[in-house]
Amino acid sequence: MSLTNQSVPLHPMKRDELVLGHKSLKDITDDICAPVERIPSKEWMGLFLTAKTLFIFYILTIAVVVSTGMGLLGVNHPVGWGTMIITFVFWVGIGHAGTLISAILFLFRQKWRTSVARSAEAMTVFAVMTAGIFPLIHTGRPWLDFWLFPYPNQRGPLWVNFRSPLLWDVFAISTYATVSTVFWFIGLIPDLATLKDRAKNKVRYMIYGALSLGWKGTAKNWSHYEMLYLILAGLSTPLVLSVHTIVSFDFAVSGLPGWHTTIFPPYFVAGAIFSGFAMVITLMTLIRIGFPTFKDYITINHMEVMNKIIMMTGLMVGYAYGSEFLIAWYSGNEYERYVFMNRALGPYAWSYWIMIFCNVLAPQVFWSKKLRRSIPVMFVVSIFVNIGMWFERFVITVTSLHRDFLPSNWGQYAWSMYDTAILVGSFGMFFTIFLLYLRVFPAISIAEIKPVMNVGKENEGAH
Amino acid sequence: MAKKTLGGMAAIFLEESKVVAAARKVRESGFTKFDAISPYPIHGMEEACGIKRSWIPYVTFIAGVVGLLSALALTYYTSVVDWPINIAGKPFFSLPAFIPIIFELTVLFAALSSVVALFVVTKMPRIDPPVIDKDLTSHKFAIFIPETDTGYSEDRISKLFNELGANEIKKVSEY
Numbered sequence: 001m002s003l004t005n006q007s008v009p010l011h012p013m014k015r016d017e018l019v020l021g022h023k024s025l026k027d028i029t030d031d032i033c034a035p036v037e038r039i040p041s042k043e044w045m046g047l048f049l050t051a052k053t054l055f056i057f058y059i060l061t062i063a064v065v066v067s068t069g070m071g072l073l074g075v076n077h078p079v080g081w082g083t084m085i086i087t088f089v090f091w092v093g094i095g096h097a098g099t100l101i102s103a104i105l106f107l108f109r110q111k112w113r114t115s116v117a118r119s120a121e122a123m124t125v126f127a128v129m130t131a132g133i134f135p136l137i138h139t140g141r142p143w144l145d146f147w148l149f150p151y152p153n154q155r156g157p158l159w160v161n162f163r164s165p166l167l168w169d170v171f172a173i174s175t176y177a178t179v180s181t182v183f184w185f186i187g188l189i190p191d192l193a194t195l196k197d198r199a200k201n202k203v204r205y206m207i208y209g210a211l212s213l214g215w216k217g218t219a220k221n222w223s224h225y226e227m228l229y230l231i232l233a234g235l236s237t238p239l240v241l242s243v244h245t246i247v248s249f250d251f252a253v254s255g256l257p258g259w260h261t262t263i264f265p266p267y268f269v270a271g272a273i274f275s276g277f278a279m280v281i282t283l284m285t286l287i288r289i290g291f292p293t294f295k296d297y298i299t300i301n302h303m304e305v306m307n308k309i310i311m312m313t314g315l316m317v318g319y320a321y322g323s324e325f326l327i328a329w330y331s332g333n334e335y336e337r338y339v340f341m342n343r344a345l346g347p348y349a350w351s352y353w354i355m356i357f358c359n360v361l362a363p364q365v366f367w368s369k370k371l372r373r374s375i376p377v378m379f380v381v382s383i384f385v386n387i388g389m390w391f392e393r394f395v396i397t398v399t400s401l402h403r404d405f406l407p408s409n410w411g412q413y414a415w416s417m418y419d420t421a422i423l424v425g426s427f428g429m430f431f432t433i434f435l436l437y438l439r440v441f442p443a444i445s446i447a448e449i450k451p452v453m454n455v456g457k458e459n460e461g462a463h
Numbered sequence: 464m465a466k467k468t469l470g471g472m473a474a475i476f477l478e479e480s481k482v483v484a485a486a487r488k489v490r491e492s493g494f495t496k497f498d499a500i501s502p503y504p505i506h507g508m509e510e511a512c513g514i515k516r517s518w519i520p521y522v523t524f525i526a527g528v529v530g531l532l533s534a535l536a537l538t539y540y541t542s543v544v545d546w547p548i549n550i551a552g553k554p555f556f557s558l559p560a561f562i563p564i565i566f567e568l569t570v571l572f573a574a575l576s577s578v579v580a581l582f583v584v585t586k587m588p589r590i591d592p593p594v595i596d597k598d599l600t601s602h603k604f605a606i607f608i609p610e611t612d613t614g615y616s617e618d619r620i621s622k623l624f625n626e627l628g629a630n631e632i633k634k635v636s637e638y
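Quick mapping for you: the protein sequence lines, in order, are chains D and Y. Taking this note's numbering, the leading residue of the first sequence gets 1, the next gets one more, and so forth. Taking this note's numbering, the leading residue of the second sequence gets 464, the next gets one more, and so forth.
Derived coverage of chain D by chain Y (criterion: at least 3 residues anywhere in the stretch with Cβ under 8 Å from a Cβ of chain Y; other residues may be distant):
id : region
1  : 175 to 181
2  : 213 to 224
3  : 439 to 451
From the derived model, a few chain D residues whose C-beta atoms are all more than 10 Å from chain Y:
id : residue
4  : T53
5  : L54
6  : V75
7  : L315
Computed Cβ-Cβ distance ranges for the label pairs, DEER-style:
id : chain 1 : residue 1 : chain 2 : residue 2 : range
8  : D       : L230      : Y       : S480      : 18 to 28 Å
9  : D       : D145      : Y       : K515      : 40 to 50 Å
10 : D       : S174      : Y       : I550      : 16 to 26 Å
11 : D       : G21       : Y       : N630      : 20 to 30 Å
12 : D       : R141      : Y       : I550      : 22 to 32 Å
13 : Y       : V543      : D       : S174      : 17 to 27 Å
14 : D       : M45       : Y       : V544      : 51 to 61 Å
15 : Y       : V544      : D       : L256      : 30 to 40 Å
16 : D       : G21       : Y       : E510      : 30 to 40 Å
17 : D       : S323      : Y       : R490      : 52 to 62 Å
18 : Y       : E510      : D       : M45       : 48 to 58 Å
19 : D       : K295      : Y       : E510      : 31 to 41 Å
20 : Y       : I550      : D       : I327      : 24 to 34 Å
Treat the hints as calculated values from the structure; they're not laboratory data. Don't be surprised by glycine CBs; every beta carbon is placed ideally from N, CA and C.
Just need the whole structure built from these sequences, with the hints factored in.
Put into structure tokens, the structure is as follows:
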């Protein structure tokens, strides 16, 4: 059969609208600035008080753990890495979707990213802040954490060990935190100038004026600004891939069965993007409920695209889980084989199957277009994915450590209530900062959404 | 003290397409120091204003190279010269193990220097800059011609702005 389609009438591909409704430039400014300029709603206050209470509880927990000692947590021989490292990897992973949206999708010219990029990038910054606390406390003496950095000192020649993956992590996480924060702030500058110009009182004017650094928006400034934005996106792209690669090196460079695998870097990066997008869906769902006007900017189409990414990355981690088993069997190494059989059938099998259910099975509902466009469904699935990805790190860390080469060296992880408190409390920190962010900064980039406001409206003469 | 800000004439527009056309016409009329102000980057504005490609990428490249060499020097000096110590039989200069450090510092130097370059070229941070119209960061556009520009004459410029369909013409005392 001939494949020519000359007789078939051509339907031009129509893009989906990125901004719903017929909004003028002023409407967009008003809509996005509104949550920052009005008295907070009851819902926001309720969420904020809950998160803040949890945050205070978290601070107290950390104070008790630091003053008493790491022994309060379940870490002991042989499981020397526990909640701290698991939750650290979890939060760093969450951050990755933000950079993917703000940098990688920018380089790919994905215009839909504009609606969610600001909040996703904010999520990155706050998630990395939340994550960074864990290794710092886990050192046991956090007041000496500056020892992590190489600096000239008077203790005779003494330097950090640059061959250690843990030190690579120090450099990777601190660089990632710095560059992400700068990238996010650079994106905010024009919008801060907008807020300054709209300010109704002097205090607002001064604060936003100082934060906007005197931005004027001249064509010459925009030209340099756009170039810088492109450069930062270009630098963030390899950076974000390097960060979770290096986090995975913390495990993969060791000689422990279950950790010592070459699949770890891509597997960690895919898992990070997977969990991060799930967190973006969770947060965006809440933002849509809290600020109903934002539904015109963060549309169901935006949510659907992200759900597709969740499904795809979910399949990638599922593939990695399977591949690990195959390689363990194919290696012919009995320790390697044992670790994986022990994961699926040993004392921690429950955590393994929670992980499989949440990460591999739950996202499969997104094959259905109806379900991936349903807000309640995607909210529930995103929570499942978050739980599943925390358990993935639990499985990797605890099941590999608790039974290694010598049976006389085996043991269990003695989970304590402080582990629970640290894990739960970290959400208090993250949500407190995120909710404050929603009140003080525009949650959607005003300057970036305006150039894409007419996408999908070409046929309506909207110009 | 020398006057740092400039006076001049500004035209306010309400439509993106008009301000781009106006910028092109103003340039064709022989003005060189004018600037177009918009709430968001406009596609085609750089070409209309005759703005050259930004030089920030050169800064990025040089800073990246400096970062790379600094990281190489840091790891080499500490691990080979100042404190050579045998770790698991690895060579003192174990380059593969230093690559993560070298990569991260390359990115860090390149990114931060590019930001500094933007601040230098846009003269930021600047306290309380003069504002022509408060809506220029929201929904209005402007063309500003400073009084130092060649052929500056208020009558001529008002006439030109009127022809270009400006919604408002302002005499600006400082910008």
